[in-house]
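Following the hints, put chain G in place on chain V, whose structure we already have.
Protein chains: 2
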Amino acid sequence: MLKIALAQINLLVGGINANQQKIIQTAEHARDELKADLVIFPELTITGYPPEDLLLRPDFIKHANQAVIDIAHAIQGINIIIGFPELDGDNLYNSAAVLRNGKILTQYRKNVLPNFGVFDEQRYFKSSKKTCLFTINDTSIAITICEDIWQKGLIEKNQYVGADLIVTLNASPFDAGKIHQREDIVCQQAKEANIPLVYVNAIGGQDELVFDGASFVVDPKGKVVFRAKEFEEQVSVVNFVNSLPETSTCSPLYNEISSEYKALVLGVKDYVFKNGFKGALLGLSGGIDSALVLAIAVDALGAGHVEAVLMPSKYTQNMSNEDAILEAEALGIKHHTIAIEPAVNAFTGMLSDVFAGTQRDTTEENIQARCRGVLLMAMSNKQGKLLLTTGNKSEMSVGYATLYGDMAGGFAPIKDVPKLLVYQLAEYRNTLSPVIPERVITRPPSAELAPDQVDEDSLPAYSVLDPILEMYIEQDKSAEDILAAGYQLKDINRAISLVDRNEYKRRQAPPGIKITSRAFGRDRRYPITSGYKGTINK
Amino acid sequence: MLKIALAQINLLVGGINANQQKIIQTAEHARDELKADLVIFPELTITGYPPEDLLLRPDFIKHANQAVIDIAHAIQGINIIIGFPELDGDNLYNSAAVLRNGKILTQYRKNVLPNFGVFDEQRYFKSSKKTCLFTINDTSIAITICEDIWQKGLIEKNQYVGADLIVTLNASPFDAGKIHQREDIVCQQAKEANIPLVYVNAIGGQDELVFDGASFVVDPKGKVVFRAKEFEEQVSVVNFVNSLPETSTCSPLYNEISSEYKALVLGVKDYVFKNGFKGALLGLSGGIDSALVLAIAVDALGAGHVEAVLMPSKYTQNMSNEDAILEAEALGIKHHTIAIEPAVNAFTGMLSDVFAGTQRDTTEENIQARCRGVLLMAMSNKQGKLLLTTGNKSEMSVGYATLYGDMAGGFAPIKDVPKLLVYQLAEYRNTLSPVIPERVITRPPSAELAPDQVDEDSLPAYSVLDPILEMYIEQDKSAEDILAAGYQLKDINRAISLVDRNEYKRRQAPPGIKITSRAFGRDRRYPITSGYKGTINK
Numbered sequence: 001m002l003k004i005a006l007a008q009i010n011l012l013v014g015g016i017n018a019n020q021q022k023i024i025q026t027a028e029h030a031r032d033e034l035k036a037d038l039v040i041f042p043e044l045t046i047t048g049y050p051p052e053d054l055l056l057r058p059d060f061i062k063h064a065n066q067a068v069i070d071i072a073h074a075i076q077g078i079n080i081i082i083g084f085p086e087l088d089g090d091n092l093y094n095s096a097a098v099l100r101n102g103k104i105l106t107q108y109r110k111n112v113l114p115n116f117g118v119f120d121e122q123r124y125f126k127s128s129k130k131t132c133l134f135t136i137n138d139t140s141i142a143i144t145i146c147e148d149i150w151q152k153g154l155i156e157k158n159q160y161v162g163a164d165l166i167v168t169l170n171a172s173p174f175d176a177g178k179i180h181q182r183e184d185i186v187c188q189q190a191k192e193a194n195i196p197l198v199y200v201n202a203i204g205g206q207d208e209l210v211f212d213g214a215s216f217v218v219d220p221k222g223k224v225v226f227r228a229k230e231f232e233e234q235v236s237v238v239n240f241v242n243s244l245p246e247t248s249t250c251s252p253l254y255n256e257i258s259s260e261y262k263a264l265v266l267g268v269k270d271y272v273f274k275n276g277f278k279g280a281l282l283g284l285s286g287g288i289d290s291a292l293v294l295a296i297a298v299d300a301l302g303a304g305h306v307e308a309v310l311m312p313s314k315y316t317q318n319m320s321n322e323d324a325i326l327e328a329e330a331l332g333i334k335h336h337t338i339a340i341e342p343a344v345n346a347f348t349g350m351l352s353d354v355f356a357g358t359q360r361d362t363t364e365e366n367i368q369a370r371c372r373g374v375l376l377m378a379m380s381n382k383q384g385k386l387l388l389t390t391g392n393k394s395e396m397s398v399g400y401a402t403l404y405g406d407m408a409g410g411f412a413p414i415k416d417v418p419k420l421l422v423y424q425l426a427e428y429r430n431t432l433s434p435v436i437p438e439r440v441i442t443r444p445p446s447a448e449l450a451p452d453q454v455d456e457d458s459l460p461a462y463s464v465l466d467p468i469l470e471m472y473i474e475q476d477k478s479a480e481d482i483l484a485a486g487y488q489l490k491d492i493n494r495a496i497s498l499v500d501r502n503e504y505k506r507r508q509a510p511p512g513i514k515i516t517s518r519a520f521g522r523d524r525r526y527p528i529t530s531g532y533k534g535t536i537n538k
Numbered sequence: 001m002l003k004i005a006l007a008q009i010n011l012l013v014g015g016i017n018a019n020q021q022k023i024i025q026t027a028e029h030a031r032d033e034l035k036a037d038l039v040i041f042p043e044l045t046i047t048g049y050p051p052e053d054l055l056l057r058p059d060f061i062k063h064a065n066q067a068v069i070d071i072a073h074a075i076q077g078i079n080i081i082i083g084f085p086e087l088d089g090d091n092l093y094n095s096a097a098v099l100r101n102g103k104i105l106t107q108y109r110k111n112v113l114p115n116f117g118v119f120d121e122q123r124y125f126k127s128s129k130k131t132c133l134f135t136i137n138d139t140s141i142a143i144t145i146c147e148d149i150w151q152k153g154l155i156e157k158n159q160y161v162g163a164d165l166i167v168t169l170n171a172s173p174f175d176a177g178k179i180h181q182r183e184d185i186v187c188q189q190a191k192e193a194n195i196p197l198v199y200v201n202a203i204g205g206q207d208e209l210v211f212d213g214a215s216f217v218v219d220p221k222g223k224v225v226f227r228a229k230e231f232e233e234q235v236s237v238v239n240f241v242n243s244l245p246e247t248s249t250c251s252p253l254y255n256e257i258s259s260e261y262k263a264l265v266l267g268v269k270d271y272v273f274k275n276g277f278k279g280a281l282l283g284l285s286g287g288i289d290s291a292l293v294l295a296i297a298v299d300a301l302g303a304g305h306v307e308a309v310l311m312p313s314k315y316t317q318n319m320s321n322e323d324a325i326l327e328a329e330a331l332g333i334k335h336h337t338i339a340i341e342p343a344v345n346a347f348t349g350m351l352s353d354v355f356a357g358t359q360r361d362t363t364e365e366n367i368q369a370r371c372r373g374v375l376l377m378a379m380s381n382k383q384g385k386l387l388l389t390t391g392n393k394s395e396m397s398v399g400y401a402t403l404y405g406d407m408a409g410g411f412a413p414i415k416d417v418p419k420l421l422v423y424q425l426a427e428y429r430n431t432l433s434p435v436i437p438e439r440v441i442t443r444p445p446s447a448e449l450a451p452d453q454v455d456e457d458s459l460p461a462y463s464v465l466d467p468i469l470e471m472y473i474e475q476d477k478s479a480e481d482i483l484a485a486g487y488q489l490k491d492i493n494r495a496i497s498l499v500d501r502n503e504y505k506r507r508q509a510p511p512g513i514k515i516t517s518r519a520f521g522r523d524r525r526y527p528i529t530s531g532y533k534g535t536i537n538k
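For the record, the sequence lines run as chains V and G.
Counting from 1, one number per residue, gives the positions in the first sequence under the working numbering.
Counting from 1, one number per residue, gives the positions in the second sequence under the working numbering.
These are calculated hints, taken from the structure and not from any lab test.
Pairs involving identical chains hold if they fit within one copy or between any two copies, as the list cannot separate such chains.
Pairs of lysine-lysine, DSSO-like flavour, derived with a Cα cap of 30 Å:
#  : residue 1 : residue 2
1  : 278       : 490
2  : 533       : 490
3  : 490       : 62
4  : 533       : 22
5  : 126       : 178
6  : 505       : 278
7  : 103       : 533
8  : 382       : 490
9  : 223       : 3
10 : 278       : 22
11 : 62        : 533
12 : 533       : 126
13 : 334       : 382
14 : 382       : 314
15 : 62        : 152
16 : 382       : 533
17 : 62        : 505
18 : 278       : 533
19 : 505       : 262
20 : 129       : 152
21 : 382       : 505
22 : 130       : 152
23 : 152       : 126
With the rest of the complex left out, here is chain V (with noise of 0.2 Å):
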């Protein structure tokens, strides 16, 4: 009998002194409550990931080892394995080291160093080549790190001959759907190999990534026979008889729609309180996508940490007003109301003479996005509460946002969420607890910047819209392709052409959370400067 724990927890990347003190007491608390012989840590655990370009400087990899020497010292009496970024010469490894009575027993060097996506692997670390057995009470382990867990060659290469069960160390991040990915990968490198396969990820939110857990533990035969909660820590023992794992809890997995409202409340709540910030606020306009952010930032802050800002202008309906009231009275938060009238009629009276003889346009529509900004700016300056920008994935996609306006903010939560996805989480939430008014999901969105203006108005429908973003953006699908599915070229040139000269929004956009196969951020990097036109031109 062996007692394998999965230690899920949620680390703070580049907090060392931190994480070290969490991993001793995790591994305390897997030594004395749950009696396991062996507990298991998420990849870089001393570290947190993606702990990014701190891995270039040298006191904090001389930090990070010191740290694995000084938890091997701290605690004895069960095996530990924790990831950490191994210095040997001048070469750094994304290690996982094997701690035993005081001693680092053996350690792994990762093989596969993902460089694509969010990841930057081979920025900082070589690869290794070689595997690494280790047995705990006549038990083979192997040990292998995330990306190295998805090449097909694993099991073909023989490279677990010996082994009678591999583990897998991971910070895999979120986005819709990938754990089922995730887990059938998983489950097939068991099932082709005939050997289980326990897998512990990471758990929590760093800026633009959440890591959603759902550690497992899988059979022989593929089959998964314990699965740890998404989105939330959680430490578990699995017993192996025999090598063989024993069935034990499956935390089922949530559907699309609410393990992506999951990771918005984990994302908004981790960068907000692992930031020291004391809460968050917000402008509050009656549509759908604030009434969203605010319902997210509740759920993750609770509504004491949480305020509002109504701004209406001339162009305000009442109806917005009204709903917006409405919105923050359901979740029971402090809400404040400032006409942004006298700010407005200042700039427009200072600009008078410079634009004598213009005519009016979006400068206009700017300048009252940008007095909402600075009103907004003020309060999270003298309250020290963070303030998070409301725009979706469809508006940071075509630019239909105002710079320094609404887009100012430390924090965009839906930066990754396209507009039909909006209202879908907006409809979730509220079978939870009706706290966005119908009016809200029903009428046609609107910027309220110019009289009676719709978004449909400047953008095709968002029905049309946002399947040819995803195309054109996810999917790196041509304009061609996408014509070919279905869409007419007029809408598509249009999109297409917004995207394209917009890159400089996105630049200095928040960081937001990636929710789906490709986010703005780290995930995608396009130049600003660029020749490059995706339209058709006929």
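This is chain G only, laid out in the frame that chain V set:
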């Protein structure tokens, strides 16, 4: 006799059609006017460098590969070497094609793919281990691409046995002093291998990067026998007799300060015009930073394309306004004055209820800076002129700037210029013609956002701050290292803690021109949420 043309041209990233046309015209010129047998272009000629995630788009790659074939068909009677992203099956290579008689004669695939600093080549490309030799008029020529030539192993591996000449295609970005490092390494390689070397570099600005040109030819003794101009397009021919280069014109190298200034001018010019702006505008405060940015902008764009706005407040000293006007007049640019008081007063009134009972703090300073941001962005929006921000690297490092205030703008020319270097560049510019009043250089720097405020109220003196920042940011030194270098603990901790906690501001800053060994932007990738503390706790 072999006549080799070095085509140091300014390309447009992503602009395949424009680049194709320029390549053909340049090759025709080399053939017809220069009578060259061979013309060599910079790395990734077809796409410009770096195309970043455009390389993930199948339509883009297909277009780039077709362009190579089209160029081969379009021009004959000369050998051409161009760089392109070569697709072979599912693999993409950073390649150089040799075009002759309407066909691709052979191609070389880059062996060494940089994945550090600003470079992400392993995100896109596979590397190859193969070399490539081809022959023109009995001269056997080997091809390398950029990072290849920086590897010590190049010669030891005897990869170039049989070659009479090595050519290298480059897109090597500028930073201060790099040109000497670059020439030293290439000359050393030539000398060790006892072989001549033709080095062709790109020229032009691309977002954060400036390619400085200065292509050159080295003889087998490691002596530079030809050098093209720095920071300018140039297509020149060098004669090879018995595979040895004849001595030709060597353009002198600029000294460090003038090369930095030239880089800033080229970076601004290409950002503004390649992005299709009609010109640029900026806020002119009477301080040294905006004075320098104005001079750079006028030198880059011409006085007729630059406009300045003075935006005094009650904290602005008279001499600031006087000096700002002197600067504008010395450079002959259009300027306006708009006092910010009406907008500041409007916001103060609008916030009086929510701020009741609070103390004045940086919030009120930020409101002033943000009112200026709103004014400048309104003028930028109305006129289609790019707003330049005027913050320097010292400010960006410690966050001594207001997000959406003085940080508002599309491009930040001196973002990578530390404050002490700002002074040196100002003095250098005044040696060309007097454009910055002496008083602007000698008076203590101030943000003028509070009564009698000077920078040194909040920050260590720049003579102390700048070296600390360079050690911490560019050299990855620890606080202990900096202490050992003779700085005070108080100053070190103050500087480092500010750098650590202002990553969120930098993430939303506009791009600026890299001139140091590590700029903010693609070059330095830090987490925002971070438990790392570089300070010493005592």
